[in-house]
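Colleague: Each protein sequence line maps, in turn, to chains A and B. Using our numbering, the first residue of the first sequence is number 2, and each one after it goes up by one. Using our numbering, the first residue of the second sequence is number 650, and each one after it goes up by one.
Hints are computed from structural coordinates only; laboratory data are not their basis. Note that the structure is predicted; figures quoted are calculated from it, not measured. There could be a bad hint or two in this list.
[As the list claims (entries may be wrong)] Covered stretches of chain A (in silico footprint by chain B; criterion: 3 or more residues with CB under 8 Å from a CB of chain B, positions within the stretch not fixed):
| id | segment |
| --- | --- |
| 1 | 35-42 |
| 2 | 56-63 |
| 3 | 118-130 |
| 4 | 142-150 |
Where a beta carbon is used, it is the ideal one built from N, C-alpha and C, also for glycine.
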Amino acid sequence: MADSADGAALFAEHRAGLTRYLTRIVGQPETARDLTQEVFVRVTRAGVPQDDSNGRRAWVFKIARNLALNHLRDRERQPNTTAMIDVPHNGTQELSAAVHQALAALQDLDRDVFLLRESAGLNYDEIATTCELTTDAVRSRLQRARQQLRESLGASIHFQLQRGIRLTRDQ
Amino acid sequence: MTTHTDLDTVAAFIDGERIDPIALKRALSTEGGRDYLVELVAMRELIAGPAAPVATIAASPTRSSSWRNLAAAAAVTLTVGLAGYALGHFTMERKIAAEREEANRAPMPTREIPPDSGTTWIETSGGQH
Numbered sequence: 002m003a004d005s006a007d008g009a010a011l012f013a014e015h016r017a018g019l020t021r022y023l024t025r026i027v028g029q030p031e032t033a034r035d036l037t038q039e040v041f042v043r044v045t046r047a048g049v050p051q052d053d054s055n056g057r058r059a060w061v062f063k064i065a066r067n068l069a070l071n072h073l074r075d076r077e078r079q080p081n082t083t084a085m086i087d088v089p090h091n092g093t094q095e096l097s098a099a100v101h102q103a104l105a106a107l108q109d110l111d112r113d114v115f116l117l118r119e120s121a122g123l124n125y126d127e128i129a130t131t132c133e134l135t136t137d138a139v140r141s142r143l144q145r146a147r148q149q150l151r152e153s154l155g156a157s158i159h160f161q162l163q164r165g166i167r168l169t170r171d172q
Numbered sequence: 650m651t652t653h654t655d656l657d658t659v660a661a662f663i664d665g666e667r668i669d670p671i672a673l674k675r676a677l678s679t680e681g682g683r684d685y686l687v688e689l690v691a692m693r694e695l696i697a698g699p700a701a702p703v704a705t706i707a708a709s710p711t712r713s714s715s716w717r718n719l720a721a722a723a724a725v726t727l728t729v730g731l732a733g734y735a736l737g738h739f740t741m742e743r744k745i746a747a748e749r750e751e752a753n754r755a756p757m758p759t760r761e762i763p764p765d766s767g768t769t770w771i772e773t774s775g776g777q778h
């Protein structure tokens with residue numbers, strides 16, 4: 002185990018990806034920021050495992066994933082609250098609401114695997130470590146999630162294609 | 650004809666995984682493979698966009714919470730009532746005691762009468778001269 006300085010450095014390296022991933026998972030930027038801070042606390046306190054960079058990244062995202070799942074579980078238990086998507090006011094919000102709904106319709110683990118790839122930028126091996134799956138299972142779940150999203154987001158994808166596309170650099 | 654493997658190869662290529670270039674060429678030689686490549690890139694841009702905020706609203710209070718609130722209100726009222734009664738009782742007791750003490754005390758003299766000069770005082774033991 003390394004010291005907390007290593008943990009802080011590791012956190013800083015992945016902070017942006019963590020925030021993106023957590024925002025997509027919990028749906029609320031403020032909550033995602035709180036959870037990101039909690040990840041920082043855990044990472045600096047626990048001590049970074051002596052592993053290669055992929056193993057360390059998987060470890061950080063495993064912490065984030067567990068925190069997010071606990072948060073979602075707690076939110077579901079609250080009887081007085083109901084989650085709802087804000088009413089979209091313009092095209093961008095409509096698009097993001099459509100994405101949110103399409104993601105929400107995925108199986109939990111499929112969505113997790115997909116977001117770890119697309120929002121967090123983890124590779125297949127890292128996702129496998131984070132979610133405790135085999136790499137083949139990751140491929141399979143990714144494929145299924147993408148097929149489902151392709152169908153549910155057909156109109157949005159078409160809209161995006163009309164605007165033009167750009168292959169973004171991997172996070 | 651685009652196969653499942655072709656789509657998997659295209660996806661792995663987009664994801665930055667190491668793939669067989671021959672397999673990629675084959676996958677992209679089909680219209681389905683090319684469509685998939687383009688759509689995955691579009692989908693990635695969509696996902697990278699801002700996340701829709703999820704608002705959490707309070708639903709109407711449930712029966713159990715109403716009962717809890719009622720019980721809490723009753724407890725507060727009872728506590729305040731008992732405290733008021735105790736305070737009033739204590740204050741009244743002190744007031745009565747003070748009045749009783751005042752009633753038993755001898756009145757203060759209103760004027761002082763000096764003894765006559767030349768008077769001889771004879772000490773006796775109770776009613777005898």
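Colleague: Hints first: check each against the structure and report whether it holds.
Modeller: These are the hints, each one checked on the structure:
Given as covered by chain B, the segment 35-42 of chain A fails the check, having 0 residues with a CB less than 8 Å from a CB of that chain where 3 are the minimum. For the segment 56-63 of chain A, the assignment as covered by chain B is violated, since 0 residues bring a beta-carbon within under 8 Å of that chain's beta-carbons and 3 are needed. Given as covered by chain B, the segment 118-130 of chain A passes the check, having 5 residues with a CB less than 8 Å from a CB of that chain where 3 are the minimum. Counting residues of the segment 142-150 of chain A whose CB falls under 8 Å from any CB of chain B gives 4; the rule of at least 3 is met.
In this structure, the hints that do not hold are numbers 1 and 2, in rising order.
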